[in-house]
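Visitor: Whole structure, please, built from the sequences with the hints as guidance.
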Amino acid sequence: MINERRRRLGIVTAMVMVILLPLAGTWARLGREKGCAFDGEKIVPNYRVRIVDHGNQSHAFCSVACATRWLEGKETEPREIYVTDEVSGREISASVASYVHSQVVTMKVSGNMVHVYENRADAENHARLWKGRFVRPWQRSEEHKK
Amino acid sequence: MRVSLNSYAVLDFFSVLLRLLLALAVLLLAVAFHRRLPFESSPERIKTQEERFYLLFSLSWVLVILNVVSWPLLYLVLQSFIPEWPQAMCIYGIMQIGAGSEGVSRFLPGLITTLQFAKPALVFISGAWFVLYLVNRQSTMAPLTGRLVVILMILGLLSAGDALIEGLYLAIPKREVFLSTGCCTSTAAEDSRATRFLPQAMFGSQYRPWLNRAYYGVNLAMVLGLAFFGVRAPHTGVRRALPWLVAGALISLAVNCTFLTEIAAPVLLHRPHHCPYDLLGEVPESVVGVVFFVLGCFAVGWAACVAWIATPCARTPFLAATIRNVLSLALFCYVASLVIMLMELSLA
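Just so you know, the protein sequences line up as chains A and B, in that order.
In terms of this note's numbering, the first sequence is residues 3 to 148.
In terms of this note's numbering, the second sequence is residues 34 to 381.
Heads up, a few of these hints could be off.
Stated by the list, open to error - Okay, the calculated bits of chain A under chain B, using three or more residues with CB under 8 Å as the criterion:
#, stretch
1, 38 to 48
2, 51 to 57
3, 81 to 87
What the hints assert, rightly or not - Derived list of chain B stretches under chain A, where covered just means 3 residues or more per stretch with a C-beta under 8 Å from a C-beta of chain A:
#, stretch
4, 86 to 97
5, 317 to 330
None of these hints come from the bench; they were simulated from the model.
Every residue, glycine too, gets a C-beta built ideally from N, C-alpha and C.
Guide: Next comes the structure, spelled out in structure tokens:
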């Protein structure tokens, strides 16, 4: 009788712990900085890309490569894309930025080689130094908007 | 690069050496005792033999514990390698090291894939041996000793093989690294994942709602099956229900693997790709749910093994009680796994 009572108590305790585990895990992650929405990598502020979808929700990415790959999997086009100027670290609209694909890798995991500049002169300078060429990573979105 | 020697790798090396020595000792002792067993017929001799078995079973105990520990340890070692390769962001990336290489590193992906199948097999056989050992210990004449020794031979052989493969994996220098991208997000990884076509084949292109229903349906059916036909039914009923429960466990294994990769991982990680390995580092408590599920599946298999192996020679009341207890464990594990996954997905 006592053994049966102990057994039941053990099962109830174990079940309570099972229920508390996901709650504790979620609570522990509350303050944690969110990584790239595509591969989970830590976002370096100077390479940050932000995409706003039609539900007005922002998705942050560690690089242009991750953002374009994320967009490839989406059926709808985004409302707005923001990129970061590598020189000043300022967020600018993707449509006004210049993009250079060079030999310099910004993120080893994603293998991103696309660099973002607000000023055309900075972009040309980088392209000259690192054998880069100008690219248009958001071509599909631009054509869709037109 | 060189042989990775961080603290986890050193610990694993030690565990591999210990397991290899124990596995060989268990294998040799088991073979020796199995040869002598038929000639020892008098109760006194059997008693003497049992006393000799003490060493074999003590070694087996340590081997079984080490086999179980080596499974999570392997993933901890792989996780600990991630900071050493900047191109790799998760265990998947580490598992790609050596792919496409022409040197000795080319064996690394094959070795790690073999280990991923060998570990669960080892844990399953270890568990089956343990449950049979419990039944045997409670019987007055120890009628299962011969079968236990045969299982120990298989266990020793498999453990030695597993330890050798793991040792090789750790020892091979991870020099030639050909990672264009060491992440499961790469196109190649997405194209090569095994479960990619399975849901589409089963439920068409709109497979998600169907896979959700299949996951909850199969697991609830297992819970109800275990509760009514496993735990509460009379002993003969349990034996009749066991083949169905085993079939259900196998189906649930396939459905749960697909669900974890195709639905749970992207939802829990808030990312579009399907990498269950990322859960270990980012949503570790969900891995507890996976562990509960595996334990539940294994427990159904252990109950079936005990019923099929032990029944012809050990019709003790303890046998029925053991099967019921193992199925109770399976029931608890299925419920716990379902609760954890349901809560994780709701909170994500």
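Visitor: Taking a Cβ-Cβ distance under 8 Å as contact, does the stretch 51 to 57 of chain A have three or more residues in contact with chain B?
Guide: violated (count 0)
Visitor: Under 8 Å between beta-carbons, do enough residues of the stretch 317 to 330 of chain B, three at least, approach chain A for the coverage claim to hold?
Guide: Satisfied; 5 residues make the cut.
Visitor: Are three or more residues of the stretch 86 to 97 of chain B within 8 Å, CB to CB, of chain A?
Guide: Check failed, 0 qualifying residues.
Visitor: Confirm or reject the coverage of the stretch 81 to 87 of chain A by chain B under the rule of 3 or more residues with a beta carbon closer than 8 Å to the chain's beta carbons.
Guide: violated (count 0)
Visitor: Are there three or more residues in the stretch 38 to 48 of chain A whose C-beta lies within less than 8 Å of some C-beta in chain B?
Guide: The restraint on the stretch 38 to 48 of chain A holds, since 5 of its residues have a Cβ under 8 Å from chain B and three suffice.
Violated hints for the displayed structure, listed by number in ascending order: 2, 3, 4.
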